[in-house]
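Peer 1: My request is simple: use the sequences and hints to build the entire structure.
2 protein chains.
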Amino acid sequence: MQDVKYNDYLKEVTEILPSGSFLTVKSGNKVNTMTIGWGTIGFIWGKPIFMVAVRDSRYTFNLIEESDQFTVSIPFDGAMKEELNFCGTRSGRDYDKFKECNLTAVPGIKVDTPVIGGCKLHYECLIRFKQAIDPNNLAPFFDEKWYPEKDYHTLYFGEIVASYIDEQV
Amino acid sequence: MQDVKYNDYLKEVTEILPSGSFLTVKSGNKVNTMTIGWGTIGFIWGKPIFMVAVRDSRYTFNLIEESDQFTVSIPFDGAMKEELNFCGTRSGRDYDKFKECNLTAVPGIKVDTPVIGGCKLHYECLIRFKQAIDPNNLAPFFDEKWYPEKDYHTLYFGEIVASYIDEQV
Chain A
1 MQDVKYNDYL
11 KEVTEILPSG
21 SFLTVKSGNK
31 VNTMTIGWGT
41 IGFIWGKPIF
51 MVAVRDSRYT
61 FNLIEESDQF
71 TVSIPFDGAM
81 KEELNFCGTR
91 SGRDYDKFKE
101 CNLTAVPGIK
111 VDTPVIGGCK
121 LHYECLIRFK
131 QAIDPNNLAP
141 FFDEKWYPEK
151 DYHTLYFGEI
161 VASYIDEQV
Chain B
1 MQDVKYNDYL
11 KEVTEILPSG
21 SFLTVKSGNK
31 VNTMTIGWGT
41 IGFIWGKPIF
51 MVAVRDSRYT
61 FNLIEESDQF
71 TVSIPFDGAM
81 KEELNFCGTR
91 SGRDYDKFKE
101 CNLTAVPGIK
111 VDTPVIGGCK
121 LHYECLIRFK
131 QAIDPNNLAP
141 FFDEKWYPEK
151 DYHTLYFGEI
161 VASYIDEQV
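Order-wise, the sequence lines are chains A and B.
The opening residue of the first sequence carries number 1 in our numbering; numbering runs sequentially from there.
The opening residue of the second sequence carries number 1 in our numbering; numbering runs sequentially from there.
Take the hints with a grain of salt, since some may be wrong.
[Unchecked claim] In the BS3-like style, the derived pairs of lysine-lysine whose C-alpha atoms are separated by at most 30 Å in a straight line are:
#1 B:Lys81 to A:Lys47
#2 A:Lys145 to B:Lys130
#3 A:Lys81 to B:Lys47
#4 B:Lys47 to B:Lys11
#5 A:Lys47 to A:Lys110
#6 B:Lys120 to B:Lys11
Please keep in mind that the hints were generated in silico from the structure rather than gathered at the bench.
Peer 2: Structural data, given as structure tokens:
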């Protein structure tokens with residue numbers, strides 16, 4: 001693994017994210033990863049921050065609510081399409097995604113949560129702020145389009161404490 | 001002005017932002033600009049999103065709460081240091097910053113809020129979601145460090161509807 005600055009690959013991250021990346025969360029001895037397509041990166045509270053969003057209907061929501069950290073692993077060049085598809089359509093309640101997809105949980109460097117082997121770029125984050133979306137403050141057409149089931153996202157603002165690329169990928 | 005993709009200059013934006021950029025807000029015939037050092041950019045709700053933070057003690061807070069839009073103007077190469085310093089330490093309640101700093105309010109292309117002349121990169125945004133920071137969900141050491149006066153930020157999530165560079169700068 002080779003350390004990079006948190007913002008060295010923002011162009012790539014924002015290009016790739018809508019096609020899917022892995023959000024991995026660990027609570028106790030339970031680990032799960034899910035496919036995310038949304039997120040923002042920047043600088044708040046004097047720190048680099050990765051913001052991710054998790055719907056309260058997700059298994060990951062239960063885990064991340066019990067945790068104080070997460071990792072984001074980003075596959076480059078269209079890699080891991082099948083794994084992203086599986087992890088975006090199946091729940092960790094029903095499947096051990098690591099086993100089903102033959103995913104490698106690579107130990108985190110600064111956090112206790114693993115990253116996903118085979119991805120080029122990894123972020124390790126400590127949650128510093130979180131807030132459930134209040135639909136009263138959301139544009140009504142976003143509410144209708146994205147939340148017909150009223151399963152709103154909670155936003156998790158993670159301080160990026162490590163960012164690195166896997167030279168082997 | 002030359003259109004660019006919202007993520008063409010994310011490396012530059014995140015490098016420059018901590019040193020200051022202009023957040024401009026208009027409500028009715030009142031226009032104000034303030035210096036910001038924090039923000040995130042990414043992709044949420046299927047759209048490119050610029051998130052900015054405004055403390056409730058700010059004059060800009062009154063304006064943005066009455067508005068549905070904002071612009072962010074980013075000076076490159078250390079330009080406009082004096083103007084950023086003035087606009088970051090004086091309130092629009094007491095000063096017409098455009099007059100005091102001889103700032104040029106360049107009309108927005110897609111929004112009714114101007115951008116700041118002399119800056120290289122501009123974002124025009126429509127607010128789609130906003131939420132006041134709930135200190136109960138904030139890391140206590142961030143709370144102590146950044147909010148000793150309890151003047152919490154409200155987060156404004158703006159859909160980026162235009163992004164462009166000024167080739168004359």
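Peer 1: If a hint holds in the structure, say so; if it doesn't, say that too.
Peer 2: Taking the hints in turn, this is what the structure says about them:
Using a Cα cut-off of 30 Å, the hinted pair Lys81 (chain B) and Lys47 (chain A) holds, with the two alpha carbons roughly 22 Å apart. The suggested pairing of Lys145 (chain A) with Lys130 (chain B) holds, with an alpha-carbon distance near 18 Å, which does not exceed 30 Å. For the given pair, Lys81 (chain A) sits about 22 Å from Lys47 (chain B) by alpha-carbon distance, which is consistent with the 30 Å threshold. Between Lys47 (chain B) and Lys11 (chain B) the CA atoms are separated by roughly 19 Å; this keeps the pair inside 30 Å, and the hint holds.
Taking the CA atoms of Lys47 (chain A) and Lys110 (chain A), the gap is about 16 Å. The hint holds against a cut of 30 Å. Under the criterion of a C-alpha separation no larger than 30 Å, the hint pairing Lys120 (chain B) with Lys11 (chain B) is consistent with the structure, at around 14 Å.
The structure fails none of the hints (numbered hints given earlier).
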